[in-house]
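Protein chains in written order, with the UniProt record's numbering: chain A, 1 to 345; chain B, 1 to 345; chain C, 1 to 345; chain D, 1 to 345.
One or more hints might be untrue.
Chain copies aren't distinguished; within one or between two, either way the pair holds.
Stated by the list, open to error - As a list, the in silico SDA-like pairs of lysine to any residue whose alpha-carbon atoms are at most 25 Å apart: (1) Lys334 with Asn229; (2) Lys260 with Ile14; (3) Lys260 with Arg64; (4) Lys215 with Ile18; (5) Lys260 with Ala337.
Just so you know, the hints here were simulated from the structure itself, not pulled from any lab data. None of these values were measured; they are calculated from a predicted model.
Protein chains: 4
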Amino acid sequence: MIIHVGQGAEESEIQELIRNIEGAGFGVNRSDGRNRTVIGLIGDTSNVTENDFAKYRIVDGVHRIQAPYKKANRLFHEDDSVIDIDGVKVGAENFMVCAGPCSVEHEDDMVALAQKLKATGANTFRGGAFKPRTSPYAFQGLGLEGLRILDVVKKETGLPIVSELMSTEYIDEFVDTVDVIQIGARNMQNFDLLKAVGETDKPILLKRGMSATMKEWLMSAEYVMAGGNDNVIFCERGIRTFETATRNTLDIQAVPVMQKESHLPIIVDPSHAAGVRHVIPSMAKAAVMAGANGLQIEVHEEPENAWSDGQQCLTPDELGDLMQSINMLLDIEKKTANNQQVIQQ
Amino acid sequence: MIIHVGQGAEESEIQELIRNIEGAGFGVNRSDGRNRTVIGLIGDTSNVTENDFAKYRIVDGVHRIQAPYKKANRLFHEDDSVIDIDGVKVGAENFMVCAGPCSVEHEDDMVALAQKLKATGANTFRGGAFKPRTSPYAFQGLGLEGLRILDVVKKETGLPIVSELMSTEYIDEFVDTVDVIQIGARNMQNFDLLKAVGETDKPILLKRGMSATMKEWLMSAEYVMAGGNDNVIFCERGIRTFETATRNTLDIQAVPVMQKESHLPIIVDPSHAAGVRHVIPSMAKAAVMAGANGLQIEVHEEPENAWSDGQQCLTPDELGDLMQSINMLLDIEKKTANNQQVIQQ
Amino acid sequence: MIIHVGQGAEESEIQELIRNIEGAGFGVNRSDGRNRTVIGLIGDTSNVTENDFAKYRIVDGVHRIQAPYKKANRLFHEDDSVIDIDGVKVGAENFMVCAGPCSVEHEDDMVALAQKLKATGANTFRGGAFKPRTSPYAFQGLGLEGLRILDVVKKETGLPIVSELMSTEYIDEFVDTVDVIQIGARNMQNFDLLKAVGETDKPILLKRGMSATMKEWLMSAEYVMAGGNDNVIFCERGIRTFETATRNTLDIQAVPVMQKESHLPIIVDPSHAAGVRHVIPSMAKAAVMAGANGLQIEVHEEPENAWSDGQQCLTPDELGDLMQSINMLLDIEKKTANNQQVIQQ
Amino acid sequence: MIIHVGQGAEESEIQELIRNIEGAGFGVNRSDGRNRTVIGLIGDTSNVTENDFAKYRIVDGVHRIQAPYKKANRLFHEDDSVIDIDGVKVGAENFMVCAGPCSVEHEDDMVALAQKLKATGANTFRGGAFKPRTSPYAFQGLGLEGLRILDVVKKETGLPIVSELMSTEYIDEFVDTVDVIQIGARNMQNFDLLKAVGETDKPILLKRGMSATMKEWLMSAEYVMAGGNDNVIFCERGIRTFETATRNTLDIQAVPVMQKESHLPIIVDPSHAAGVRHVIPSMAKAAVMAGANGLQIEVHEEPENAWSDGQQCLTPDELGDLMQSINMLLDIEKKTANNQQVIQQ
């Protein structure tokens, strides 16, 4: 951590700041330039924040060098983590394809859909039992009945289940029923919820908050891991920008950048990023070539009759076409991975 | 709601869409242009979403005209709402000044600080018992002990208490102790929490999410009000933009725009917007002239020793100076309000 | 175009507005809802702006349905445009690979580099003679001497030349020397420059402005085309968002969205989007699968000695590796294009 | 400037980097932490860019401490600059009120309007002769005839003239006619234009680019000043964010932050920030209390008949009301400035 001392600071004030830094257990590297003094902290700064030093009146700025996340940090865990979802692996060479409707609907339709999805090569099933909706007047999901239906889907198809948990209230039911607990974008910094799922041993699919920086996203993973649960999978689903032609802006660069920073797997959700279906297949393929460890895609037998988000659903047939392309791309990735040099930095 | 039908839609598809719209209880206004057809819905569209129609393959775009919020909408409640905080009023001509430290600290210090703040003219006391922190390794607040201290502060000073609730777990303790339940920016779309506080009768201070549009913010108020609690106060605290010179960008235009859309009061928090103290006084005064119904400002006796966020705290003396200016400005506002015409639209 | 009349408008005011609309040559579709009146304009609205109607005091909002661009609009030009760059084609099935250094450097080094790039499969050479630099104290490019060197490169290698024009002052020299005039992100709305290059017959590489919406970008192409020059190639190079882990956020969704809106080709520049080299290869491959019509990539023999932007340069060898992958991907794209259905809307 | 060396760098590579830094004339402060090495540069870094060091493969990040602007920097020019606009002063205690229509219209109307504006207290007149319009099909301004009319306005009223220059082509005519050359938001990084106006001695009104950081804005001022023209006035006119309820987001915090960084005056344009007239008066007053050195406001006798941007125009009467409030606020500012302490940092 680097502390810039503002102009006009008295030497006695600088000395006091240095004593406080040393008192907190850090070594100090002081450098006096022509116009200002810079103080470097030596030691493990992951437990202090920039604000711990920005609060001094003589301090003009604080710049962090060591990342504040440890368990999620590739620096201390060089190999890719591989997460096991009831037998389906994700991470390193293992690719996750999570498909299903936005909301859980009628039991028979869900089972029929899941069987079709499985036939295309999808290896996990998604469906929302509890739905975060902008309007209090919109359909809020089937609730516990939705969980029951997801359980039937799993029994009938063998596909592991991914579903979103919105509050700690139903955490026991989720632990009993689903294979991956999804934390939605709006709850990425619901720290109480993160702590609660950190105490389970379920894989956590941690969606990126709409305006979360990658650093904040890594810190949210750190919350889960600090509780003892290392099974975190990131999911990039688009960020909010000035552009309104699509619902969100898919930050595809997040894939290689997060993989450089962290050993945890990262998948991509093109449905929520785009908000319109014609964009989904090209983005799914782009995500594969970006190096993503999987995809989450909304699929519905009849998008025009979906209970929610039909405008961003593929049909099972469209997913089938897409899966053919994806498999070819994954083959190319494996072939070229062996022949080509890695570009550093 | 206006639906744009894409080029190439068959007449039979348009007819089917119209039947579905009429089946949902709406009147239809159809307009055929040279290149495309536009369908207007006639009726109350507050219970349908854009996506309910965007999901049709022949639909190219959906544009909402009627706002999706009703209870928060000034259209149906022309006069300013005035919220009563245990005797302190906010809204219309009534100005709220909420001051206090980021985190609740030692009891004696809190009482002494609150007495000073009251002397400057502050009429409510803020302090965080539970703190949302980006890092799991940072100080998370005193918890229930913090609530106990806030209770002492109120008994000693008479100042109503404002404190942030982070999850439904402690809602009973908050209802028993605090006078205003604050919903933080990160929880603005924690819908389960909004529903829970909507079932209380406490005033709710609803901070704007870091990347929430004003429409989404209004919809979050609607969640609270749909539960029966009409006592919502908005708090603008800065939004996330590309600019990093300040922690957030204070969206001061939100004050007049929200007041045009809604009858609910709106206050401004310059501390969290700026993230640096030298910006706070000018922004507090700007907020008054923007027409805000109050301010929330972090204050600490010794900012350099604050347990959190000291870099954005004023001292009680600095707040005293600021309050003198603010009182002069509020006087001017009252004087000119009577003499000047209102600018429409 | 849809005009929302605000509540409280007098019928006489609405009638006057309608007369003005009709006076401007438009048909009118009026729809009276419970709370407000909506007026639809019938006719070609590409020559009017939203502001032409927003200025009326009774008007609460204006919503455009017909796109304001005509020449760039796929609606009136269904087939993909193919641009001819001195024999190298871009658009439809034709893929452009434009490589070279940020700034033009020594003549011998440029020729040697271009020869290597040509060997990898690159089909155009880029190099900046005039450089837009944030700081007036930074190297501003070799200027006309740079153009002379680019001319030598073309003579020695046969590669068409792409270079950025920053002002109308040197337009004649650019027309004489380069094969593609690049308009940089900072000049995307330098309308005088757009008009000037619209009067040439050179292909124009129109980079997206850092905060330009896709609509504004299309309108900038319209400026060029309105002057008679239809040879516009879009280049997505990243937009500015709150995320600072990369220099810009590559808006890869812009590829399919722009291709749906416009018949003009679009290429992707991962170097400027990322700002760091390790991200470039995966993003280049992702761009191919997104459906881009080409790539622009910065390459330097020794990035650490580049005169500018070395941190985002590949070496010729790294480009060679990348080109092998890209060629495999382009093959897959061709194969699957024939077998798979297109997803509408 | 602080350079972070990545993990895994060889000592010999670090040594070579240090030799290169020293070769460029800087002193070096090296600090070896547990996981990484940090190198501080000692000396004047205003002429080097972060990229000059980021390009080394062993370098993981570069962090600038000394600001890259010198002439605009308050560090080297402690007192507020006061710019003289043909007798009207702006900066320090001197407040500029620049009012007028978006576009120059008929001569008689312009003169009549200017006389009314002068009577309200406005001390400069604005009007666009050349208009940057998003659409090539929209009205582009009267051009040189507009300049002629502005000249008549000045002769008739004595008000100094502010008008936007869009390209170097008409710079001589602007120098002959106008008193302040305005550089519009879209041209804030049109570096050739900045260099050209830097060679004149006219005051330059430098509008902030829609997505320009304050640092970039300061660097654009530096471009003008590097040419010898120190008469730069900043104008905050709103930045582009995700929020669409207003045309732009007025970054009012820019006022105190820019004033801390620079000695140059800064004014605020609420018309372009808001894009709707009802927001303008409250924002104008907020800008005064934020400490702005002036305002630019669009005014038209009949906004509904304005040739452009009528939706964001006040009438002269509305400006008159506003000026009364502003004068009261300026009085308060002067009174309290003497009594209150300044808050540092």
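Q.
When the structure is checked against the list of hints, which entries are broken? Sort them ascending.
A. 1, 4
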